[in-house]
Amino acid sequence: MQWEAVIGLELHAQLATSTKIFSAASTAYGADPNTQACAVDLGMPGVLPVLNERAVRYAIRLGLALDAEVAGRSVFARKNYFYPDLPKGYQISQYEIPVVGRGHLDIDLEDGSKKRIGVTRAHLEEDAGKSIHDGPGTLTRIDLNRAGTPLLEIVSEPDLRSAREAVAYMKKMHSLVRYLGVCDGNMQEGSFRCDANVSVRPVGQLAFGTRAELKNLNSFRFVERAINFEIQRQIELIEDGGTVIQETRLYDPIVARRAPCVARKRPTITATSRIRTCCRWRSPRR
Amino acid sequence: MHDRTIAELGVGLAQGEYSSVELTRAVLEAIERAESLNAFITVTPDIALGQAEAADAARARGEAGPLTGVPIAHKDIFCTDGVRTSCGSRMLDRFVAPYDAFVVERMRAAGAVMVGKTNMDEFAMGSSNETSWYGPVKNPWDVTTVPGGSSGGSAAAVAARLVPGATGTDTGGSIRQPAALTGTSGLKPTYGRVSRYGMIAFASSLDQAGPMATDARDLAIMLSAMAGFDPRDSTCVDHPVPDYAAALEQTNLAGLRVGLPREYFEADGVDGGVSRAIESAIEVLREAGAEVREISLPNTELAVPVYYVIAPAEASSNLSRFDGVRYGHRCEEPVDLEDLYKRSRGEGFGEEVKRRIMVGTYALSAGYYDAYYLKAQQVRRLIRDDFSRAFEEVDVIAAPTAPSTAFALGAKADDPVQMYLSDIFTIAVNLAGLPALSIPAGFSGSRPVGLQLIGRHFDEERLLSVAHGYQQRTDWHTRRPGGEG
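Protein sequence lines, in the order shown, are assigned to chains F and E.
Just so you know, we're using the working numbering here: the first sequence kicks off at 1 and counts up by one.
Just so you know, we're using the working numbering here: the second sequence kicks off at 1001 and counts up by one.
Heads up, a few of these hints could be off.
[What the hints assert, rightly or not] A few chain F residues that face chain E, going by a derived Cβ cut-off under 7 Å, partial list only:
| hint | residue |
| --- | --- |
| 1 | G43 |
| 2 | V50 |
| 3 | Y90 |
Source of the hints: derived by calculation from the structure; they are not laboratory data.
Just so you know, even glycine gets a beta-carbon here, dropped at the ideal spot from N, CA and C.
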């Protein structure tokens, strides 16, 4: 049987603001642990988020470059789950009415033709802190410097059909955010990260197969390798009579040659509460 | 001297009848003598005397305002730099905030002297002050009864004339209902009038800070200090702050249109003594020239159920930061992460808080969100529209604050639904974001009754002036537990 891959990417661009998305703490990379986390980032009692205007401007700038709908009014929501590097017990993100709606990006294929890739949406959200599991015994250390760093999550339509197309799209977006000055694009520092949703289906079939979500793909090379591996894994699984289960698989570059992605356990999201937070703005419609 | 109003104390201080240090000492002694009321969680004599000295020095320099040197108390929901901020919970029993709430900053900037932090229902969840980790507050009118809640400590402290004024917060009636049950005056301002920065969140779309005192004039003096724009709270509205106390002088009840919502007066379970007191209070307004008419708020009966979806939903999310990881109660020797969460929260929170977290988490969970939270938000809009329509016909709405007077300690503690119905007349106001106040309006037997006045958004001036007009014609606000006055 002839198989076709269906791929959509979620790119996380860390916005190049000097302060965090909801606080005045610095976003500079590489500071001593927990020296760049203020009361808001620590989730102290009684403190409130105040939206960073520049983060919104950057998001809108990308939206315009993607020929996307820019929301005149946008809404934040809370994603609730318990994890030690998530100080408030929820992440402030966007659910309904993201700042950037439907748009597109044209990529160049190897045969010289162009392909238009749909962008579903791009929304603002805050990053979590870091859990460092290398302490003595079972202890975990928490660094909240990254907590509250502004991210723009750019979600593509499932328009990509191969690992190469995925990489071409990611590279194009990478150069676009750098050109626009909204993200420094430093992949080693995690400023530009990629999750990929991958499924396969027989050529000619319209319905999508069950997808797996690949996380932690932090270089172009890893993206290509992990997606190719995943496509192959799913095809072999189905051809052997198995079924793909919907799961999150974490890319581990150290064992990449053998089994690059392993299923991983994530904290359960207890509620995507859609409790609106207080940050709203109006921007002129084009 | 400590039993005078803020306005009277301002005169006494200005005329050099006593210094702020002398006044503050008297207040601290009164608080100590009244310890059995359990109105305070933390008393701060050193801070108070330091601030009193500073206030006296400011006055000597000619820099005194109406609150300079006046002792006040803060509800323990407001963060205070360097002082324990417990929110009435074991969870924060040892939490010392590293910053001041906006309201605390403002009161200090106005020269008020903080004498301590008042008792409250745990995380402001309760209507009797019985859910506090620090034990119930007793109503100074009858120590076998509750003072109401959640700002029960502030209400009892003002009622017993321990302090002339105290801050409170009102999410579903937590300023007005205890004011009613203790014969004091309390104002819940318009949502967005006072910054919520540094005020521990219960239900973010409903919470609002406000003043509690003996009369409307003192409420006005306190509100002028508390209100104002604060960029740290994005729901705080940049709306001019009038001199509320000056506005009282323009009080004119002639021609004032007062609406009586049929649904509030026909509600079941309203104490007969309360109804009679409210009818007399309305008669006072009518005699002063007010035009009283019946109005309808047709969605009134939905307010309590809607509130008990929205408030717990927001609370369940707001309280998830209390996880034992960074501050607050942490269990001994957790074996793993789940154990840390379960035991820290299990031990740190009391029964009522846990109940609301469970209800709220359920209402927000996948598959139930639309049926509960979303539906409740839609009904909330209808309730708000009811008020908008009513305010096309009338200037203020008058009603009882609470369906009954102070009830016995323990009487409703085991029956959450009965307890929730204590807020039946106050909750809709929070859902609509409106300002409202409660003032003393007589007694049912020997227990105080509160008259509630509800106004249009940002119409606190009118509410205060109507309340002041009423208080010029009555003396209920001067009555105090134990007799004279």
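Structure-based check of each hint:
no.: 1; hint: G43; verdict: holds (4 Å)
no.: 2; hint: V50; verdict: holds (6 Å)
no.: 3; hint: Y90; verdict: holds (6 Å)
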